[in-house]
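Colleague: Residues per chain are reported as follows:
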Amino acid sequence: MDAFTLISRAQGSYVRSIDDGPIEDWPEHFTDDTFYKVTTADNHRRGLPAGVIWANNKAMLKDRISALKEANIYEPHSYRHLLGQPAILEESEDGATSETSFLVVRITGSGPTDVFASGRYLDEHVFVDGKALLKKRVVVCDSTRTDTLLVLPL
Amino acid sequence: MSEATTTMAAREWPQALSKVPYWVFQDADVYRAEQQNIFHGPFWSYLCLEAELGEPGDYCATFIGEQPVLVTRDFDGEIYAFENRCAHRGSLIAMDHYGHAKDFTCVYHAWTYNLQGDLTGVAFEEGINGKGGMGSDFCKKAHSPRRLRLANVHGLIFGSLDNDVPDIEDYLGQEILDRIERVLGGRKPVVLGRFTQNLPNNWKLYIENVKDSYHASILHLFFTTFGLNKLNQKGGIVVSESGAHHVSWSAINREAESGEHYKDQKIRSDSEYQLEDPSLVDSFSEVGDDITLQILSVYPGFVLQQIQNSIAVRQVLPTGVDTTDLHWTYLGFEEDTEEQQLVRMKQSNLVGPAGYVSMEDGAIGGFVQRGIAGASGEFATVQMGGQEAVSSESRVTEASIRGFWKVYREAMGFSIEESK
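Sequences listed follow chains A and B, in order. Quick note on numbering: the first sequence equals residues 82 to 235 in my numbering. Quick note on numbering: the second sequence equals residues 14 to 433 in my numbering.
If you're looking for bench data, these hints aren't it; they were derived computationally from the structure. Watch out, some of these pointers could steer you wrong.
Cβ-Cβ distance ranges computed for the label pairs, FRET-style [claimed, not checked]:
1. A/LEU170 / B/GLU188: 52 to 62 Å
2. B/ASP180 / A/ASP106: 55 to 65 Å
3. B/PRO69 / A/GLU105: 46 to 56 Å
4. B/TYR111 / A/PRO157: 46 to 56 Å
5. A/GLU109 / B/PRO179: 51 to 61 Å
6. B/GLN354 / A/ARG126: 40 to 50 Å
Bear in mind that the values here come from a model prediction, so they are computed numbers and not experimental data. Every residue gets a Cβ at the ideal spot worked out from N, C-alpha and C, and that includes glycine.
Isolated chain A, as found in the complex:
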C-alpha cells in the first residue's frame, strides 16, 4: 500500500479507538519509543516545549488511559473526531511525515455537542508489517484555550 493509504487507514483506526473505543487500543497506534504531545499553536510558534499532555514513550500513553479509567474524576463525555486528508510531506519505504487537520466536538452526557478543539497533527510514521505506526505526533491546537478539562486524548 502507498503511504497515503497506510496513513489514512491508521488514522481512521486511531480516531475510532478514541471516539467509539475500546480506548485501550489508542496507544497501539504508536511505537514503543514514540513521542506524543498536545500543545497550542502559540506555544508551538514560540518554541515552548511543554504540553498539556507530554509523553516520550508508549508506556506513558497507556498510563494516560489507565488514569482516565481508574483515577481521574470527570463528567462522562465523548468526542467525535473529523480529520482532513493527510498531507504527505516526505515519504520512503519505511515511513513518512505528514500533517492532518482535525476538528473535535465533545458531547457531554447526552448533550450538548460543543466544538472542543481544532488544529493539526504533525506526524512521523513508521511502516511496520503493512501498518503505519506513530513514531511522533505533536497535536497543535489552534486555540490556547481548553474548556473545563482535557482527559480523553486528541
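Let chain A serve as the given structure and place chain B on it in line with the hints.
Modeller: Just chain B now, with coordinates in the frame of chain A:
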C-alpha cells in the same frame, strides 16, 4: 464610599466565617461590585513574570479582573504598566498577549503612546491647512492612560489600580514572602509553556478550591494512589495574618506511607493501579529541602505552585458571573540540567487542563455552580478545623478558605450579621 460599596451594605453576611452564602457566586450586582471593590481596590494582582519582559519593548497585555492592562519594559530597563485603553475613544491599545513594540499606536485614530504609557502623538492634532484639529486647550499630558502601581517579588510582577494599596512587603507578610523566595529566590525562570483553561464557574469557587487542602487527596485520586500527597504526610497550612494569602505544603515522610488513615475513611489510597512508566514521579529536590508540594496563593487571584518538580504560576481572571479564565504558565529555570528539564516535561502531565492532579479542579467548580442553582438563600459550610482563619499543622482544615472570606466580605462592604 463608592456606589458599589453602598449597595453592597444592604446585603447581610453571616457573622461566622464558616458560613458562605451561595448568592455570592450567583448575583450580577455582586460581580460588578467586585470589579470596583476588589480588582480596582487596594489589592495586588499578578500581571506577568519579569522574565517574560526580557528586552526593552517587550510587553504583555493582561487583565486585573476585567480591566485590560499593558505591562511593558522600556528602554531605560524599567517595567511600567498602564490601562490598556486609548485615552481618545476607549479602544484597546495593544491586543497580543505577549508582543514586542517600540511604541503603541491605537488603530482607530492613530493616537500614539510610548512604552511608559505617555500619550505622545495625536493624528492631525493641528488639523490640516490650519483647519480642524484639537483646540488650543488640549494638553496631551492630561490624557495619558492611568498608570498602575507596580511591585516585583522575586520576578513576579504585581500591579494595583489603587494608589492606597499597602507596600507589597506589608501586604504579603514575611511568611508568604519567605515561601515565594523559597521557590523563586535567586533563580531565573524560563517559560516552558502557557495554557488557558476556561472554567464554567464563578472565580471564587476556583480560589476556594486552591485554598482547600482538605480536598486535594480525596478528589484527586491520582495523588493518593502514588503517595504524592496524603493528609498524613508532614505538612501544614500557613494563613497570612490578614487571612488573605495562604500556603499549603507537605514534605517527604516515609513513616506515613502505610495509608492506614485512608483505609479507615474508606477512601481509596492504594490499589492494584500502577504506572507502566513510574519515572513520571521521579523527582529531584527542588531547592535542596524535603518539601515536595507547596501551593501558595496571593489575594485575590494568584497561585504559585510547586508540585514535585512542576513549577507553575496561575492567574485567575473572572470573565463573567459563572465563567473564569485560568492562565497557567509552566516554568523551569536557566540553571536546569538536561535531566531536570526532562523531569519537568514529564511532570507537566500532573498539572494544567489535562493534569493528573488538577483536571478535576476544572470541573468541580462547575458542579458546585450547577448544584447551588435554586439555593441562593442557602450557605456553604467551611467548618473543618474550627471557625478561625489561622495557620495550622494539619491540612485537614478549611482555615485558609475562611481567611479568603474574611478579607473578601470586608472589602465588599457587606453588613455583618449581629451575633446571636
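Colleague: Please test the hint of 55 to 65 Å on the beta carbon pair from B/ASP180 and A/ASP106.
Modeller: holds, 59 Å
Colleague: When you take the CB atoms of B/GLN354 and A/ARG126, is the distance between them in 40 to 50 Å?
Modeller: Roughly 20 Å apart at Cβ, these two residues miss the hinted range, so it is violated.
Colleague: Take the C-beta atom of A/GLU109 and the C-beta atom of B/PRO179, compute their distance, and say whether it sits inside 51 to 61 Å.
Modeller: Roughly 58 Å apart at Cβ, these two residues keep to the hinted range, so it holds.
Colleague: Between the beta carbons of B/TYR111 and A/PRO157, is the distance compatible with 46 to 56 Å?
Modeller: violated, 37 Å
Colleague: Taking 46 to 56 Å as the hint, is the beta-carbon distance of B/PRO69 and A/GLU105 inside that range?
Modeller: holds, 53 Å
Colleague: Between the beta carbons of A/LEU170 and B/GLU188, is the distance compatible with 52 to 62 Å?
Modeller: holds, 55 Å
This entry does not satisfy hints 4 and 6, going by the numbered hints stated previously.
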